[in-house]
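**Student:** Sequence:
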Amino acid sequence: MVSPDSLTILKLGGSVITDKRAADGVVRVNEIQRIAKEISGFKGKLIIVHGAGSFGHPQAKKFSLNEEFNATGSIITHRSVKELCRMVVDILNENSICAVGVHPMCCMLADNGRIKTMFLDQINCMLERGIVPVLHGDVVMDSSLGTSVISGDQIVPYLAKQLKASLLGIGSATEGVLDDKSSTIPVITSKNFENVKKHIRGSENTDVTGGMLGKVQEMLDISDSTCTTSHIFDAGKPGNVERFLKGEKIGTAITHEQYDCRF
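Residue numbering for the sequence shown follows the numbering used here, starting at 21 and increasing by one per position.
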């Protein structure tokens, strides 16, 4: 059981809450509603970070934001992911979850594509007063590049380190990290990463942030620096989000060499 005083961070993949195959902005309302119901019984401190899916990746690709600065393209991409966040927050509140959108564009600065600083005082204040901050993959100002695309998978470990989260979950569209036989790899550590890396495929849809491999690498970084275990699991399967929030071991554990050293 998760302690009510500990911080849990839940990432909802863009492929779960949107149709990532769509050219532009198709939201899976029923999936968000189901997930919101599963979250509604959770009583601890919670931060939700969601992916952009078809609300951000197509725009970022169209304007080549990973290759060059484009002010117009940056604004269009930000407006798109901001609209998705609004819909997610509205559904959470409809399910008695006091949630509010926190847009990285307005509180984060990157340098060469990596998070440099982020204003966290308001997030800490929200958590202390029972409000759930909802962040998302976004375009943010970048001191070297002008702007850069910062994925939710980069935001999660950053927040976990800065705010000392105790439980991290990456809700994707698969049962976890799959091997070449489509079986779930139960545990990934720094020791076995090179062996399993060749089995980890990128996203089959438009994704400018690294797909599953990017998720695993970000989670490995935090496990090695903080000894915190993360879980990549299928958030599209009913009940799995609730199971994760209850502290059950689920999907693929991304962890330190000494498994579950955080317990």
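If you're looking for bench data, these hints aren't it; they were derived computationally from the structure.
Backbone N, C-alpha and C fix where the C-beta goes; we use that ideal spot for every residue, glycine too.
Honestly, I wouldn't trust all of these hints.
[What the hints assert, rightly or not] Below 20 Å or equal to it, Euclidean Cα-Cα: the simulated EDC-like pairs (lysine to aspartate or glutamate) are:
1) Lys184 to Asp199
2) Lys102 to Glu58
3) Lys102 to Glu148
4) Lys63 to Glu103
5) Lys257 to Asp39
6) Lys136 to Asp241
7) Lys218 to Asp199
8) Lys184 to Glu148
9) Lys81 to Asp25
10) Lys266 to Asp131
11) Lys184 to Asp241
12) Lys218 to Asp200
13) Lys102 to Asp200
14) Lys57 to Asp110
15) Lys257 to Asp241
16) Lys201 to Glu214
17) Lys181 to Glu262
18) Lys181 to Asp110
19) Lys63 to Glu148
20) Lys81 to Asp44
21) Lys266 to Asp244
22) Lys269 to Asp199
23) Lys181 to Glu214
24) Lys266 to Asp39
25) Lys218 to Asp241
26) Lys63 to Glu214
27) Lys82 to Glu51
28) Lys63 to Glu262
29) Lys102 to Glu114
30) Lys82 to Glu103
31) Lys63 to Asp131
32) Lys184 to Asp25
[What the hints assert, rightly or not] FRET-style restraints, in silico, Cβ to Cβ:
33) Glu214 to Cys145: 22 to 30 Å
34) Glu268 to Lys201: 21 to 29 Å
35) Asp244 to His123: 24 to 32 Å
**Student:** Take the hints in turn and mark each one as holding or not.
**Tutor:** Results for each hint:
Our distance criterion of 20 Å between C-alpha atoms is broken by lysine 184 and aspartate 199, whose separation comes to about 31 Å. Proximity of lysine 102 to glutamate 58 is assessed by CA-CA distance (about 23 Å); at most 20 Å being required, the pair is judged violated. For the hint pairing lysine 102 with glutamate 148, the CA-to-CA distance comes to about 25 Å; that exceeds 20 Å, so the pair is violated. Restraint check for lysine 63 and glutamate 103: the C-alpha separation of about 27 Å exceeds 20 Å, so the hint is violated.
Restraint check for lysine 257 and aspartate 39: satisfied, since their Cα atoms lie roughly 16 Å apart, inside the 20 Å limit. Taking the CA atoms of lysine 136 and aspartate 241, the gap is near 16 Å; set against the 20 Å cutoff, the hint holds. Among the hinted pairs, lysine 218 with aspartate 199 is consistent with the structure: their alpha-carbon atoms are about 9 Å apart, no more than 20 Å. For the proposed pair lysine 184 and glutamate 148, the alpha carbon gap of about 14 Å is at most 20 Å, so the pair holds.
A C-alpha spacing of about 40 Å is found between lysine 81 and aspartate 25, which places the hinted pair above 20 Å, so the restraint is violated. At roughly 36 Å between alpha-carbon atoms, lysine 266 and aspartate 131 are farther apart than 20 Å, so this suggested pair is violated. Using a Cα cut-off of 20 Å, the hinted pair lysine 184 and aspartate 241 holds, with the two alpha carbons roughly 14 Å apart. Of the supplied pair hints, the one linking lysine 218 and aspartate 200 holds, its CA atoms being roughly 9 Å apart against a limit of 20 Å.
The hinted pair formed by lysine 102 and aspartate 200 fails the criterion: a straight-line CA distance of about 36 Å is larger than 20 Å. Distance check on the hinted pair: lysine 57 and aspartate 110 sit about 13 Å apart at the alpha-carbon level, within 20 Å; holds. Between lysine 257 and aspartate 241 the alpha-carbon distance is near 27 Å, which puts this suggested pair outside the 20 Å criterion. For the hint linking lysine 201 to glutamate 214, the alpha-carbon distance of about 17 Å falls within 20 Å, and the restraint holds.
The hinted pair formed by lysine 181 and glutamate 262 fails the criterion: a straight-line CA distance of about 24 Å is larger than 20 Å. Distance restraint check for lysine 181 and aspartate 110: the Cα-Cα separation of roughly 28 Å exceeds the 20 Å cut-off, and the hinted pair is therefore not satisfied. In summary, the hint linking lysine 63 to glutamate 148 is supported, as the alpha carbons are separated by about 12 Å, within the 20 Å threshold. Our distance criterion of 20 Å between C-alpha atoms is met by lysine 81 and aspartate 44, whose separation comes to about 12 Å.
The suggested pairing of lysine 266 with aspartate 244 is violated, with an alpha-carbon distance near 24 Å, which exceeds 20 Å. Restraint check: the Cα-Cα separation between lysine 269 and aspartate 199 comes to about 19 Å, which is no more than 20 Å; the hinted pair holds. A hinted pair counts as satisfied when its Cα atoms are at most 20 Å apart, and lysine 181 with glutamate 214 does not qualify at roughly 24 Å. About 28 Å separates the Cα atoms of lysine 266 and aspartate 39, which puts this hinted pair outside 20 Å; it is violated.
With a C-alpha separation of about 18 Å, the suggested pair lysine 218 and aspartate 241 falls inside the 20 Å cut-off, and the hint holds. For the given pair, lysine 63 sits about 38 Å from glutamate 214 by alpha-carbon distance, which is inconsistent with the 20 Å threshold. In summary, the hint linking lysine 82 to glutamate 51 is not supported, as the alpha carbons are separated by about 27 Å, beyond the 20 Å threshold. Distance hint between lysine 63 and glutamate 262 is fulfilled; the C-alpha atoms sit about 12 Å from each other, no more than 20 Å.
Restraint check for lysine 102 and glutamate 114: satisfied, since their Cα atoms lie roughly 18 Å apart, inside the 20 Å limit. For the given pair, lysine 82 sits about 18 Å from glutamate 103 by alpha-carbon distance, which is consistent with the 20 Å threshold. Simply put, lysine 63 and aspartate 131 have alpha-carbon atoms about 36 Å apart, too far for the 20 Å limit, and the pair is violated. Taking the CA atoms of lysine 184 and aspartate 25, the gap is about 11 Å. The hint holds against a cut of 20 Å.
About 42 Å separates the C-beta atoms of glutamate 214 and cysteine 145, a value inconsistent with the hinted range of 22 to 30 Å. At roughly 25 Å, the beta-carbon separation of glutamate 268 and lysine 201 lies within the given 21 to 29 Å, and the hint holds. Between aspartate 244 and histidine 123 the CB atoms are about 30 Å apart, so this pair conforms to the stated range of 24 to 32 Å.
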